[in-house]
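If you read the protein sequences in the order shown, they are chains U and P. 1 is the number of the first residue of the first sequence in this note's numbering; add one for each residue after it. 1 is the number of the first residue of the second sequence in this note's numbering; add one for each residue after it.
Derived from the structure by calculation, the hints contain no laboratory data. Check each hint, because a few of them may be wrong.
Which residues of chain P face chain U? A few of them, derived with a C-beta cut under 10 Å, are [to be verified]:
(1) Ala24
(2) Gln37
(3) Tyr100
Note that the coordinates shown come from a computational prediction; the quantities given were computed from them, not determined experimentally. C-beta atoms are modelled at their ideal positions from N, C-alpha and C, and glycine is treated no differently.
These are the residues of each chain, in order.
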Amino acid sequence: SQQGEEDPQALSIQEGENATMNCSYKTSINNLQWYRQNSGRGLVHLILIRSNEREKHSGRLRVTLDTSKKSSSLLITASRAADTASYFCATDIPGGKLIFGQGTELSVKP
Amino acid sequence: NAGVTQTPKFQVLKTGQSMTLQCAQDMNHEYMSWYRQDPGMGLRLIHYSVGAGITDQGEVPNGYNVSRSTTEDFPLRLLSAAPSQTSVYFCASTQTGAQYFGPGTRLTVT
Numbered sequence: 001s002q003q004g005e006e007d008p009q010a011l012s013i014q015e016g017e018n019a020t021m022n023c024s025y026k027t028s029i030n031n032l033q034w035y036r037q038n039s040g041r042g043l044v045h046l047i048l049i050r051s052n053e054r055e056k057h058s059g060r061l062r063v064t065l066d067t068s069k070k071s072s073s074l075l076i077t078a079s080r081a082a083d084t085a086s087y088f089c090a091t092d093i094p095g096g097k098l099i100f101g102q103g104t105e106l107s108v109k110p
Numbered sequence: 001n002a003g004v005t006q007t008p009k010f011q012v013l014k015t016g017q018s019m020t021l022q023c024a025q026d027m028n029h030e031y032m033s034w035y036r037q038d039p040g041m042g043l044r045l046i047h048y049s050v051g052a053g054i055t056d057q058g059e060v061p062n063g064y065n066v067s068r069s070t071t072e073d074f075p076l077r078l079l080s081a082a083p084s085q086t087s088v089y090f091c092a093s094t095q096t097g098a099q100y101f102g103p104g105t106r107l108t109v110t
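Produce the entire structure from the sequences given, and follow the hints as far as they go.
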């Protein structure tokens with residue numbers, strides 16, 4: 001199975017609610033990154049958290065990293081319809097590779 | 001800056017044909033990579049390069065060749081196209097961790 005696995009695979013919420021996505025991985029990492037992909041477009045970098053960091057914030061995004069459990073979560077607060085997209089975690093592993101998970105499809109209903 | 005550019009946007013090949021997907025970046029990034037994205041599979045790393053003259057294999061390198069003669073360009077060659085190579089291909093570059101993605105090439109092999 002892949003290095004990064006995300007859950008849920010799909011998430012549907014109402015505007016204003018919070019959305020939480022989780023990512024688990026298997027090997028040691030240099031850092032973990034989250035990306036967003038709108039339908040039919042390329043990926044856009046959201047946030048990077050280093051292996052020695054536990055939490056990071058960027059606007060309405062909050063990322064946590066637990067290296068002992070090899071897991072990370074992305075929280076989007078006060079979601080908007082424009083947040084509808086697929087979200088991917090990616091692990092930067094020793095050797096220079098960035099390995100992506102399968103993604104979570106988020107749908108935010110107005 | 002144009003960022004990361006990819007050509008062509010769409011391509012249809014017959015089985016056995018060869019072609020080159022072009023990728024260029026104008027940000028002077030050392031690290032470039034190629035991914036393919038298939039439904040339900042997330043992004044899978046094909047090949048990557050940590051600088052001009054240096055390339056290495058990713059998760060799914062079979063059937064693809066790369067070279068990196070300049071910092072700016074990182075072409076991906078399909079030697080003998082197969083239907084299993086039908087996919088969307090993304091090129092990305094980075095200097096410090098966060099990857100910048102091109103808009104993608106949608107390839108169909110019949």
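Hints versus structure:
1. At about 14 Å, the closest approach between the beta carbon of Ala24 of chain P and any beta carbon in chain U exceeds 10 Å, and the interface hint on this residue is violated.
2. The restraint placing Gln37 of chain P at the interface with chain U holds, with a minimum CB-CB distance near 9 Å, inside the 10 Å limit.
3. The beta carbon of Tyr100 of chain P is positioned within 10 Å of a beta carbon in chain U (closest approach about 7 Å), and the interface hint is therefore held.
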